[in-house]
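Asks: Respectively, the protein sequence lines represent chains A and B. Here the first sequence is numbered in the numbering used here, starting from 1 and rising by one per residue. Here the second sequence is numbered in the numbering used here, starting from 1001 and rising by one per residue.
Any given hint could be a false lead.
Claimed, not checked - Cβ pair distances, simulated, as ranges:
hint, chain 1, residue 1, chain 2, residue 2, range
1, A, Asp371, B, Met1121, 40 to 46 Å
2, A, Met60, B, Met1001, 53 to 59 Å
3, B, Glu1359, A, Asp344, 39 to 45 Å
4, B, Lys1373, A, Lys290, 52 to 58 Å
5, B, Pro1348, A, Gly328, 33 to 39 Å
6, B, Thr1066, A, Met345, 24 to 30 Å
7, B, Pro1065, A, Lys290, 40 to 46 Å
8, A, Gln358, B, Pro1065, 43 to 49 Å
9, A, Glu288, B, Gly1168, 44 to 50 Å
10, B, Gln1358, A, Pro348, 51 to 57 Å
11, B, Asp1103, A, Ala352, 30 to 36 Å
12, B, Asp1120, A, Ile339, 25 to 31 Å
As the list claims (entries may be wrong) - Result set (EDC-like, lysine to aspartate or glutamate): computed pairs, CA atoms no more than 20 Å apart in a straight line:
hint, chain 1, residue 1, chain 2, residue 2
13, B, Lys1025, A, Glu359
14, A, Lys123, B, Glu1360
15, A, Lys16, A, Asp6
16, A, Lys123, B, Asp1250
None of these hints come from the bench; they were simulated from the model. All values derive from a computational prediction rather than experimental measurement. Glycine included, each C-beta is placed from N, C-alpha and C at the ideal position.
Number of protein chains: 2
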Amino acid sequence: MVEIIDGGVTTPQGFKAAGVHSGVKYRSLDLGLLYSEVPASAFVGYTSNNVKAAPVQVMMRENSPTLSAVVVNSGNANALTGRRGIEDAISMKQAVANELGLDPIQVGVMSTGLIGRFMDMHKVRYGISRASKELTVGREADNLLAEAIMTTDTIKKECAARVRLGDGTLVYIGAISKGSGMISPHMKVLHGTTLSLVTTDANLSPAFREKWQSILDDSMNMVSVDGDQSTNDTCILLANGMSNGSCADDDPEFEAALRTVMTKIARTIAMDGEGATKLIEVQVTGAETKEDARKVVKTIIDSPLVKSAIFGSDPNYGRIMMAVGNSGAKFSMDDVRLIIKGGDMEVPILDAGAPIFQEERAVEVVRMAMDNKEVTVMVDLGVGSEEAVGWGCDLTYDYVRINAEYAT
Amino acid sequence: MVEIIDGGVTTPQGFKAAGVHSGVKYRSLDLGLLYSEVPASAFVGYTSNNVKAAPVQVMMRENSPTLSAVVVNSGNANALTGRRGIEDAISMKQAVANELGLDPIQVGVMSTGLIGRFMDMHKVRYGISRASKELTVGREADNLLAEAIMTTDTIKKECAARVRLGDGTLVYIGAISKGSGMISPHMKVLHGTTLSLVTTDANLSPAFREKWQSILDDSMNMVSVDGDQSTNDTCILLANGMSNGSCADDDPEFEAALRTVMTKIARTIAMDGEGATKLIEVQVTGAETKEDARKVVKTIIDSPLVKSAIFGSDPNYGRIMMAVGNSGAKFSMDDVRLIIKGGDMEVPILDAGAPIFQEERAVEVVRMAMDNKEVTVMVDLGVGSEEAVGWGCDLTYDYVRINAEYAT
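From just these sequences and the hints, can you work out the full model?
Replies: Here it is as structure tokens:
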């Protein structure tokens, strides 16, 4: 039984966190540190954008199977910064290693913020030094770290769960994430700019990597705010085994707990998309292949026309089918079913390839369903039994405002 | 020598046009008719969206090598209308055929407007009857037809050219187009919702089809307003041969003239993108393959982050490289070059993988370049010699407004 609890990254045993103001940003917290008392098995997913930020390049090259600490800064993405950026990312690891008495390879690094500016390393080093001294356990520490990695985020993405494994061990999972714009991760585990830190005191072997990819594919990789995949997406799962249980790789309860946590984080990212007023969940069923199901979800949640129609509660459902047609997925025009859900209304739209509602007054029902904080679009492609779920948000005036003056 | 002249679809010999108010729309002209005195060789490009509007389905099935007339309505796309939609599209052809004494297969049909509503055939038939009687030649007729096919368009897309072929024949080309939103055509010629009608009195053989695809690929198919490909995109080229010249299939002057006309139309569509305040031209060079060059152009002009940054003249050029990285195209990070052009300013951005400008004051130069009605983004991928050019527009508050209340 998975139990969602009030907690964060320091809820699992042996993890400490800190968040400080280093001065990279004008006022807010901008540097965070996560630490595990014992080296933790590390499972890392990185952006598949071919322009990879310096910290992503450095971590992919080292590909360390265990990590003891992760340093994260916001305000500067250290992306598109050439050779100097690489040196700065390495220096960040080195500075943490010095402060905490670790081998630099045991230190992970993540950055988020403006692309194309060199890091101010004086400030970053000062921040690392302070954060190292302030590492601690508890909700205050969770919050400081969560705040330090936020950029245009307006709500904190945090979730924790407790679950009893088959062998009787009680393990904890804690997760934080940031991400509001430039969100369309396709993260690949080697061993998603959203940055995520997930901690657990469960015991995991390197073989868990595959399951972690599958969980990312169904959660973080099914979120899209704007279809633009960041240069910095990184998602780190640290499992330090301090619960002293047996290997949880194949424990169905553990997988269920981790899926629940990652799905909640994914939904929160979509809900907090830049300028968003509504969460859009897209559920695709009846697909011939899993990939087809995912393609349809992504094409619908990435369509600016669908997103702005939902913003305005404009019952222009033809646009949803336009997106289905553009996805490249196989479907049967005669059997395809489309339902729009909002609040306690569930409105079927199509009958044998044409909309049921033709009159203005009937269309009002659809508008009422769309006029909710959470709108669900259900599409049955009618050609198979594969399915997928994904999350996005509406396209609003505020999205344009935020991104027309981001660097300013 | 290609000469751009003041003209439209009735400028080439033997073409007549009309545009009337049928009542499908509340007030504006909404039904247009184009007629050629002799059957014209027809070259048609259709949307590759798998949800195809009824008129597209009907025309693709008939695939007539020649057409004598084309009827176009706006206000209703006759898409997502099932079996009844097909019957309505066929009825439109039949009605024109009856009025003009033609075989229905000689009549093309195109629709644009709201998706998912049945046509009001009483009004459409009345419109066809009136338009048939009002067919005429001249700038007035050109204008009426152009107006009848507009939806959210704010400027008329029209262009005409005159060119002397190798055999001494003087031929004319006239083109009109509509399209402002749901614009990202990938039109395939069988024998791009933008709707376009292109007329010429040149003499073309069926073999010209391949060249027409290549011209569409470099013009209409390189325009994107929102990355959403319509269910209705159709682009019809009619060549009636009334110039009495020899076959112009391989005449380089004719191809140049047609390319010039189609490129001008494509740019105008981008410039008039829904809510647009700026035209964005993206020029990619140094690609390994033509397909890579096109992918980079499309990824940049479709990125909501790039588009909103350009709207705000926000010098966030890192986003352009983010898009390059997401395109999937091959490039060399050390050799890639990025230039932003606006007005008479041409600002190089990158040096060996990192931005030249790091200081706020220097960045101002980039802002000034971006603060123009036309912004050109030049990317050299540094790995080959293939290139592509495409056009898009900025993402603005008005795009959101228009599309949040389209059906309303």
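Asks: Output the indices of the hints that this structure fails to meet, ascending.
Replies: 1, 3, 4, 6, 8, 9 and 16
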